[in-house]
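S.K.: Residue numbers (the numbering used here), protein chains in the order written: chain G, 1 to 203; chain Y, 1001 to 1184.
Everything labelled a hint here was simulated from the structure, so no lab data went into it.
Ideal placement from N, C-alpha and C gives every residue a C-beta, glycine not left out.
Careful: at least some of the hints might be erroneous.
[Said to hold, decoys possible] Part of the chain G face toward chain Y, derived, beta carbon under 7 Å: (1) 65; (2) 137; (3) 140; (4) 152; (5) 174.
[Claimed, not checked] Simulated restraints, written as ranges between beta carbons of each label pair: (6) Y/1081 / G/77: 47 to 57 Å; (7) Y/1063 / G/17: 28 to 38 Å; (8) G/13 / Y/1122: 43 to 53 Å; (9) Y/1174 / G/171: 28 to 38 Å; (10) G/142 / Y/1061: 14 to 24 Å.
[Claimed, not checked] The calculated lysine-lysine pairs, modelled on BS3-like cross-linking and capped at a C-alpha distance of 30 Å, are: (11) Y/1181 / G/193; (12) Y/1069 / G/193; (13) G/42 / G/193.
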Amino acid sequence: MEMVAPFAKVFSMGDIPTSVIAIILGIGFGFFLEKAGFGSAKTLAGVWYGYDFAVIRVMFTAILVSMLGLFGLHYAGVLNLDLVYINGTYVWPQIVGGFIFGIGFNVGQYCPGTSAVACATGRIDGFVFIFGFLVGVVGFAFVFPWIEPFFNSSNMGRITLPEAFGIPAGVVVLGVVLIALGAFAFTHFLDRKLGNVPAGGEK
Amino acid sequence: MTKNGPAPYWNSYKAGIGLGLVLLAAFVIMGRGLGASGAMTRMASYAVHKTDAMIKGGTAAESKTIALKNKYMARYVGSSADPFDDFLVFLFLGAIVGGLISGASARRISFSVIKGPQSTTKRRLIFAFSGGLISAFGARLARGCTSGQALTGGATLALGSWLFMLACFAGGYAIAYFTRKEWI
């Protein structure tokens, strides 16, 4: 089969279709986040205190679906994986940044995407989180000159788990599937053990 | 559930499949995934840029705002700004619309503050503000948040994104004990 995807890289696309596509993708993004219960900090907080594991289930299901679709289309010869943007790796900034982000996530119980849907449904705490985030971005910008050396440190470029560990991509994909399924099973075990009624528990 | 009360949330796997398909569509169409913190960074930088230009007055002031002089914000407002940032802003606005559609269809729209049973509105809002502030630092340092790093980078098997994801959970669980009174 002919490699036709990613469309925007294989064919040329103007600015207008790009922004229209962005809005449509965004609507889908916000829609499913809200349906998952992520417009409420209460659902999100459940993952830290063990009363609702929707965060784990939704996040890893989304990763599995998109990862399997991505690699499936790649193996079918439809999508050129080399043209898909892969986040560059900066080992220490991402570990330290991720840790700080996790603290902020726990304190505020939203993240940028979920705060948008919280705000959309009238949650004032979601609105306040966004305001805090915007102030934080500006604060970060002002201290940036001092942390720039760290920000650009341990740059490994475009590197994936298969490349980093020298394991075939298919094996890593299978590994992620098994870990996710194990995580799902573990959250259901905890639900039974703790007698949880998760927000997303409707059968 | 009362007759006119809010509809229940979806089963997590069903919502996760929907979210995964949106992410896959972004990869197939755009060759890039989703992101939310990039849009907020662009909006914040742009707000600083415009406000400063307004305070200084005149169109000439537009070329020397504190946002343009700042090495970090200049990347988001200057002429060298990445066009992908505009894509992220539209994506973010779309997400608000999508949340509104889903919330309205489930009768979940109401002005309220979500908080734990032992918390107060004032405490909850202080925590929400602080959490936003802290996570902004983390997201900017890591070059992305839960959507740009964990979801998108997770699906593409990017090494740094998996490190981000593990560190994020570690950070959250490290502080969860101290913030527990807010939620349980």
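S.K.: Now, for every hint given, state plainly whether the structure supports it.
M.R.: Hint-by-hint comparison with the structure:
| no. | hint | verdict |
| --- | --- | --- |
| 1 | 65 | holds (3 Å) |
| 2 | 137 | holds (4 Å) |
| 3 | 140 | holds (4 Å) |
| 4 | 152 | violated (11 Å) |
| 5 | 174 | violated (12 Å) |
| 6 | Y/1081 / G/77: 47 to 57 Å | violated (35 Å) |
| 7 | Y/1063 / G/17: 28 to 38 Å | holds (31 Å) |
| 8 | G/13 / Y/1122: 43 to 53 Å | holds (48 Å) |
| 9 | Y/1174 / G/171: 28 to 38 Å | holds (31 Å) |
| 10 | G/142 / Y/1061: 14 to 24 Å | holds (19 Å) |
| 11 | Y/1181 / G/193 | holds (22 Å) |
| 12 | Y/1069 / G/193 | violated (56 Å) |
| 13 | G/42 / G/193 | holds (20 Å) |
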